[in-house]
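S.K.: Below, each chain spelled out in residue letters.
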Amino acid sequence: MQTTNVTLKIKRFNPEQDARPYWQAFEVEASPTDRVLDVLNEVKWELDGSLTFRRSCAHGICGSDAMLINGVNRLACKLLVKDLGATITVEPIRGLPVLKDLIVDMESFFDAYRAIVPYFVNDDPPPAGERLQSIEDREVFDDSTKCILCACCTTSCPVFWANERYLGPAAIVNAHRFIFDSRDQGAPQRLEVLAQTNGLWRCRTAYNCTESCPRDIPITRAIEEVKRELLWRRA
Amino acid sequence: MNRPHKYDVIVIGAGGAGLMAARYAAQNPNVSIAVISKLYPTRSHTGAAQGGVGAALGNVSEDHPEWHAFDTIKGGDYLTDQHVAERFAHEVIEAVYELEHLGLPFSRTPDGRIAQRKFGGHTREFGKSAVERACYAADRTGHMILQTLYQQSIRDNVTFFNEFHVLDVLIEGGECLGVVAYELATGALHTFHAKATVIATGGNGRMFKVTSNAHALTGDLMSIVYRRGLPIEDPEFYQFHPTGLYRIGVLLTEGARGEGGILRNGAGERFMERYAPTIKDLAPRDMVSRAMYLEIREGRGSGPDKDYIHLDLTHIDADIIESRLPDVTEFARIYLGVNPITEPVPVQPTAHYAMGGIPTTIDTNVIRDGADTIVPGLYAAGEVSCASLHGANRLGTNSLGDLIVFGRRAGINAAAYAAAGGYNDLPHDSQERAHDLLERIRHGSGEERVAHIRQEMQDTMMDNASVFRTEETLSKQVTILDQLNERASHIGLDDSGRQYNTELMEAVELGFLLDNAEQLVHAALNRQESRGAHSREDHQERDDERWLKHTLVYKDGAGVRIDYKPVTLGKYEPKPRVY
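Top line first, the protein sequences correspond to chains P and H.
Heads up: the first sequence is residues 7 to 241, going by my numbering.
Heads up: the second sequence is residues 5 to 583, going by my numbering.
The following block holds chain P by itself, in its conformation from the complex:
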């Protein structure tokens, strides 16, 4: 396959050596169909083994390699060289503390997720078989079951950049997944959390979340549906 020369500009930071982050450029030969993750691996494996990032499945399912690539939040394994041009800039996702190179501290992101009661609640004794659910009732929350918790949405949200205590779109999408599940009984608890100061009402519908979601979840719409549900239940 024909190869092309790519300049990979990476924002580096090693807490054991550097006072502040800096840019470093690498020249790499790549195939047009290489993933950005392949190019990062090429640098790590051949040029500089200290380059540090998370990765696992390498095909957009596990959510490890969310990065800011040419200014947009993307999974490095779901974006190809041919779609980016000869210069590719890679930075850590924004709004979370950088630990080393492209690795950020995900704890506060998962704290927000844990805060919205992200598990099925139904205290009735279950039947011997399955709880029944119609195809239509299942469809209502289908999109929000696709979330892989990669943080592309939350870390592209300008409200989150300004206020790290905002629960953020990923947490709200996961609340949506349960609130609209006809079998679940935990909506009151979740809506109470979402109604607080740093919850749902911080959303300014910037749509950055929807545009950055690698799973094509209509996030802004899900947030609006939760807002409406909250108002409806209060009325």
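The set of hints was computed from the structure by calculation and includes no laboratory data.
Please note: incorrect hints may appear among the correct ones.
[Stated by the list, open to error] When the alpha-carbon atoms are kept at most 27 Å apart in a straight line, the in silico DSS-like pairs for lysine-lysine are as follows:
1. H:K553 - P:K88
2. H:K132 - H:K559
3. H:K284 - H:K310
4. P:K88 - H:K213
5. H:K122 - P:K152
6. H:K579 - H:K213
7. H:K310 - H:K122
8. H:K553 - H:K575
9. H:K122 - H:K579
[What the hints assert, rightly or not] Computed beta-carbon distance windows for the label pairs:
10. H:S493 - P:V146: 28 to 38 Å
11. P:R171 - H:R7: 45 to 55 Å
12. H:T190 - P:V146: 41 to 51 Å
13. P:E230 - H:D429: 55 to 65 Å
14. H:T474 - P:Q8: 33 to 43 Å
[Said to hold, decoys possible] Which residues of chain P face chain H? A partial, calculated answer using Cβ under 8 Å:
15. E22
16. T39
17. A64
18. K84
19. L102
20. V104
21. L105
22. G135
23. K152
24. D187
25. D190
26. Q191
27. A193
28. L236
Quick caveat: nothing in here was measured; it's all calculated off a predicted structure.
Beta carbons: idealized from backbone N, C-alpha and C, even for Gly.
Starting from the structure of chain P, add chain H where the hints point.
M.R.: Positioned in the frame of chain P, the structure of chain H alone reads:
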């Protein structure tokens, strides 16, 4: 040195089997639990499974666990332990209902039940016709199992140690006392003192060049227990799925051929007609992979290097492709820039699943020999283990079934064992082996790069020990692995730091992978027959008289020692495997 952490039950791995074990151990109020994962739990590779989990619910058409058990045994080319398959086929039904009760969003039938669909090898009435047995959540069944179990672990308040790499399992006086793990964030070693330890760390597909497996699947624990003197069972049985995306190995579901897709060689020929005249492209996975590999090896592949096969869907109605095969279309479009509606998709067999692993009893106790002697305090479940449910070839959907059935058994049994007993004393030098392992790599002489050795291992394993094997290729691979092991002792690292030193971990994982490759190659060289996924061109027939037995591979000094364990037969007499 940190003080040892102390938990009654330690679970290693946070995929389907590990989280299921944690979930069921957590139901026992008398034990404390912690889960150790080298990833964040939701990054585990269970999440990549698509098709479904097979269970005879009978929601769509009549089905019985006896039929499921038979299909599993026949699919395993009669190397499956039959009492395991029979128990499994019953328990997977309970386990699927329990997942539904935990909120798993299965797709639904028109009457609101769990939806089920057909899958390769699942039949009614012992082989008469296909049956709808795979319970699915769209084409994200594994993702939904992983998410549901992680969500419940939050509810159960399970303690996680994320991004901790286990480097040693403490086995003293024949009993397991816990593990030693490396904290990626700080570079510190931690000892975890436990009454019961559950291993649930998944597969080892990264020993091959082309694989559907995640970067993380490096067979760590299969190597660690092997170094500790325990055997690995049936490692020669490794499944190659026929349709991985060319070069990157991402899986394209079997359903593509179910919808009428055709495999073509470089000349455009529908070559499966020559190999399986009756069922052609829908022959079993091991047969199709063999045919594809042969075409490529004999120079009839497609592309400039003649090293792939075309999966042709262009004759199928565009609406059917878009609606029933959305993942095939998306993956082909994103990664190869190929539109399956108008162009054939380059594919090749992709390393997919280890049928073998750490040998266990049906109750998930790890065993140390062919007489089923257990290692007290040590349990294993999921792909890392070998119960043996899958025998010589796993049936589609039984991987997810394995996770939930044996993960659950491991959690319940480990917790009961821990609740009944006390802690044995740790040795004072518990971190010695793990410490030495890291020091050897950090202070290697320095001219070798991890990536070069790994790539050579992956390339040569693909050439010499994948779909087809002969005494010649396997003997050659034994020599190559010896050389690679020698080179691996001279690795040099660029990163000498302590925080997030992923380069150091890649070097450790390379050592683990080399052990896994050694186990597979020696077992394959030893087994002079063809059975299921193990295909010897110099011994093409199945030989029940000599080889209807499980392999046990032990580390023996610098070499290996091979022993055997009988297959548990039952109702079903071994017969030629014809579909």
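S.K.: Under the constraints set out in the numbered hints, which ones does this structure not fulfil?
M.R.: 1, 2, 6, 7, 10, 11, 19, 20, 26, 27 and 28
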